[in-house]
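K.L.:
Each chain, written out:
Protein chains: 2
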Amino acid sequence: MDPRIREHAEVIVDHSTGLSDGDNVVIDAHPVAEDLVTALHEKIADVGANPLVIQQRLGKRFRRAYLRNHDGEFDLPSHEMALFEEMDCYIAIRADDNVVEESDIDGDVQTAYSQARQPLLEERLGKTWCLTQYPAAANAQIAEMSTEGYENFVWDAVNKDWDAVKEHQQQMVEILDPAEAVRIRSGETTDVTMSVAGNLTLNDYGENNLPGGEVFTAPVPDSVEGEVLFDKPVYQRGHEITGAWLQFEGGEAVDWSAEKNEAVLDDILTTDDGARRLGELGIGMNRDIDRFTYNMLFDEKMGDTVHMAVGRAYDACVGAGNESNDSAVHVDMIVDMSEDSVIEVDGEVVQRDGTFVFEE
Amino acid sequence: MDPRIREHAEVIVDHSTGLSDGDNVVIDAHPVAEDLVTALHEKIADVGANPLVIQQRLGKRFRRAYLRNHDGEFDLPSHEMALFEEMDCYIAIRADDNVVEESDIDGDVQTAYSQARQPLLEERLGKTWCLTQYPAAANAQIAEMSTEGYENFVWDAVNKDWDAVKEHQQQMVEILDPAEAVRIRSGETTDVTMSVAGNLTLNDYGENNLPGGEVFTAPVPDSVEGEVLFDKPVYQRGHEITGAWLQFEGGEAVDWSAEKNEAVLDDILTTDDGARRLGELGIGMNRDIDRFTYNMLFDEKMGDTVHMAVGRAYDACVGAGNESNDSAVHVDMIVDMSEDSVIEVDGEVVQRDGTFVFEE
Chain A
1 MDPRIREHAE
11 VIVDHSTGLS
21 DGDNVVIDAH
31 PVAEDLVTAL
41 HEKIADVGAN
51 PLVIQQRLGK
61 RFRRAYLRNH
71 DGEFDLPSHE
81 MALFEEMDCY
91 IAIRADDNVV
101 EESDIDGDVQ
111 TAYSQARQPL
121 LEERLGKTWC
131 LTQYPAAANA
141 QIAEMSTEGY
151 ENFVWDAVNK
161 DWDAVKEHQQ
171 QMVEILDPAE
181 AVRIRSGETT
191 DVTMSVAGNL
201 TLNDYGENNL
211 PGGEVFTAPV
221 PDSVEGEVLF
231 DKPVYQRGHE
241 ITGAWLQFEG
251 GEAVDWSAEK
261 NEAVLDDILT
271 TDDGARRLGE
281 LGIGMNRDID
291 RFTYNMLFDE
301 KMGDTVHMAV
311 GRAYDACVGA
321 GNESNDSAVH
331 VDMIVDMSED
341 SVIEVDGEVV
351 QRDGTFVFEE
Chain B
1 MDPRIREHAE
11 VIVDHSTGLS
21 DGDNVVIDAH
31 PVAEDLVTAL
41 HEKIADVGAN
51 PLVIQQRLGK
61 RFRRAYLRNH
71 DGEFDLPSHE
81 MALFEEMDCY
91 IAIRADDNVV
101 EESDIDGDVQ
111 TAYSQARQPL
121 LEERLGKTWC
131 LTQYPAAANA
141 QIAEMSTEGY
151 ENFVWDAVNK
161 DWDAVKEHQQ
171 QMVEILDPAE
181 AVRIRSGETT
191 DVTMSVAGNL
201 TLNDYGENNL
211 PGGEVFTAPV
221 PDSVEGEVLF
231 DKPVYQRGHE
241 ITGAWLQFEG
251 GEAVDWSAEK
261 NEAVLDDILT
271 TDDGARRLGE
281 LGIGMNRDID
291 RFTYNMLFDE
301 KMGDTVHMAV
311 GRAYDACVGA
321 GNESNDSAVH
331 VDMIVDMSED
341 SVIEVDGEVV
351 QRDGTFVFEE
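So the sequence lines, in the order shown, correspond to chains A and B. Reminder that position 123 of the first sequence reads as 123 in the working numbering, one-by-one numbering, no gaps. Reminder that position 142 of the second sequence reads as 142 in the working numbering, one-by-one numbering, no gaps.
Worth flagging that the hints you see were computed from the coordinates, not collected in a lab. Where is the CB? At the ideal position from N, CA and C, for every residue including glycine. Worth double-checking, as some hints may not be accurate.
Computed beta-carbon distance windows for the label pairs [claimed, not checked]:
id : chain 1 : residue 1 : chain 2 : residue 2 : range
1  : B       : Asp156    : A       : Glu259    : 56 to 62 Å
2  : A       : Gly198    : B       : Asp21     : 28 to 34 Å
3  : A       : Gly226    : B       : Asp71     : 58 to 64 Å
4  : A       : Ser114    : B       : Asp97     : 30 to 36 Å
5  : B       : Asp108    : A       : Thr271    : 43 to 49 Å
6  : A       : Ser114    : B       : Glu102    : 34 to 40 Å
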């Protein structure tokens with residue numbers, strides 16, 4: 001076994017989830033991640049926790065077979081709920097043998113299935129959880145990388161000194177957390193301002209998301225003004241949206257376009273009222289993620305980028321008394337900040353062309 | 001997908017388990033059985049049941065990693081128990097990529113692990129359950145067959161008209177159920193008598209075991225007299241015992257030997273007092289199982305054989321007021337009845353050289 005797989009398992013168990021004696025763990029993984037699941041069993045045994053492997057969330061071929069043959073309403077299965085209620089920790093390992101395995105499932109059926117299972121998601125999110133990636137060949141393929149190149153990429157991004165990352169990123173948290181106004185400019189195409197007054201800025205150092213590597217908060221919903229061109233592709237519902245451009249007035253996207261798959265962008269933004277407002281502002285700080293790989297778990301943490309999500313805000317980012325943007329969607333979109341770009345906080349430049357003030 | 005896989009799934013869902021709308025199902029399977037698990041999801045969707053795939057019982061590589069790194073006592077994991085309590089049906093699919101994956105786990109550790117998890121087993125056995133086999137390459141290998149040959153073998157044995165099987169076997173049930181004395185003779189080496197008075201004879205037509213194909217009961221523990229040479233190998237604890245010979249007096253094996261691995265036979269018979277007495281008499285009636293494959297799920301149902309198990313009796317076979325043989329083990333051993341062999345029930349010949357009286 002590649003020794004980096006055991007390192008990955010160590011990061012998950014010791015750092016991301018902090019498992020200890022007697023913890024009930026559920027590992028949700030596709031069989032192509034077998035080596036990492038095996039290494040996790042070694043570590044989980046070391047700490048005295050109790051593992052159970054399931055293939056629900058990530059068993060795409062099974063889910064496709066089920067969904068294409070199902071008629072009528074979906075149940076909320078009480079056996080899965082009972083499992084999650086008694087679980088202390090949920091570890092989801094993304095890995096595929098075909099990332100578009102679900103491309104021929106009816107979208108309405110997928111939505112109805114997700115809605116029926118919403119309480120399972122809530123239950124899971126109430127426990128210690130970690131979402132990570134195993135570098136399987138199909139995932140390398142969608143990243144447009146060789147499998148070995150993608151292995152290097154994933155393990156460089158994951159197997160890090162996360163305490164050092166935390167400390168480095170905390171400098172940005174201390175700038176953004178007490179701030180009121182944020183302005184983001186990039187080239188001639190992006191100039192947007194928003195208030196984050198009273199909202200909280202969180203430091204993502206590889207706990208729920210592995211890799212971590214961002215600092216993020218929620219904009220005050222009606223404060224967003226200006227325009228943004230998202231230079232990186234947005235991969236949604238099996239389609240790639242490129243050149244997405246949004247114009248905000250009074251917090252709401254009032255005009256938008258895309259170079260490719262504008263209809264998919266339309267669908268997203270017209271889901272509900274909250275889908276046209278921003279729910280997140282994130283600043284990517286993981287410089288080991290040095291390329292776009294069509295995988296938001298990595299892309300949004302890329303060094304020298306910011307991302308904004310239309311849709312639902314994270315509760316933990318919304319300050320007491322502030323409005324929380326609510327929506328059925330949360331779609332992250334990325335702006336490249338490496339050239340001719342500036343982040344200003346309360347009128348001060350805090351990042352220019354990808355370099356933070358505390359790095360100068 | 002081989003159409004026989006969908007037939008197999010149909011037999012499991014419609015015949016073996018009789019799943020219906022709203023049933024909570026757990027499928028426990030190794031990834032090499034992926035096609036059958038996929039076909040099961042199609043059928044489970046058809047009937048409106050709720051599937052969850054786990055890899056606990058059959059995730060041997062994971063369990064090996066866990067057991068070799070574990071120290072101290074084992075927990076009874078409450079999340080697994082909660083899952084099983086809310087489950088209506090458990091489907092276990094045997095399939096391996098290496099059948100001896102657990103050959104370097106300490107036996108005492110395996111025993112302690114099984115003992116700690118005994119309540120999970122009891123909970124499972126209290127629900128509708130089905131144990132079946134997927135013809136993976138490693139399972140073909142241990143059967144000394146090509147993968148394609150083994151596929152034919154498995155699906156011929158499994159995909160049958162089980163109602164017709166039930167009816168055929170019921171003729172033997174009706175002979176054995178009211179019987180008192182059974183005598184089994186084969187060549188010069190096997191001549192054993194036992195009472196089954198007051199005990200119940202069950203008809204196995206592919207419900208809990210798929211394939212099914214036997215009729216079985218429990219001997220009255222202290223009634224067994226005579227000697228038996230088990231001509232087929234016994235595969236136990238990673239070892240093949242051949243030529244096992246046992247002599248019974250007053251129900252107890254008082255002398256025994258084996259051609260190969262007699263020490264393993266010693267270990268089994270000295271586990272506890274019940275391990276030296278018979279817990280089961282079974283009559284194999286599935287003639288599509290025409291060869292020995294080192295897999296008791298098939299071997300014990302082979303046409304023209306009988307099997308006797310030392311150790312624990314099945315509760316369902318023991319009549320009210322009769323003694324039930326208790327033991328930590330239940331080891332089936334097989335006698336070839338195809339030549340120079342007779343089964344007598346209450347003094348009447350009911351099978352000669354493999355042919356039943358109701359087949360003449």
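K.L.:
A separate judgement is required for each hint: does it hold in the structure or not?
P.N.:
Each hint tested on the structure:
Between Asp156(B) and Glu259(A) the Cβ separation comes to about 58 Å, which falls inside the hinted range of 56 to 62 Å. Separation of Gly198(A) from Asp21(B) is about 50 Å and departs from the stated range, judged on CB atoms against 28 to 34 Å. Between Gly226(A) and Asp71(B) the beta carbons are some 59 Å apart, a value that agrees with the proposed interval 58 to 64 Å. Our hint of 30 to 36 Å for Ser114(A) and Asp97(B) holds, since their Cβ atoms are close to 33 Å apart.
Checked against the hint of 43 to 49 Å, the C-beta distance between Asp108(B) and Thr271(A) comes to roughly 58 Å, which is inconsistent with it. The given range of 34 to 40 Å is respected by Ser114(A) and Glu102(B), whose C-beta atoms sit roughly 38 Å from each other.
Of the numbered hints given earlier, the model fails hints 2 and 5; all others are met.
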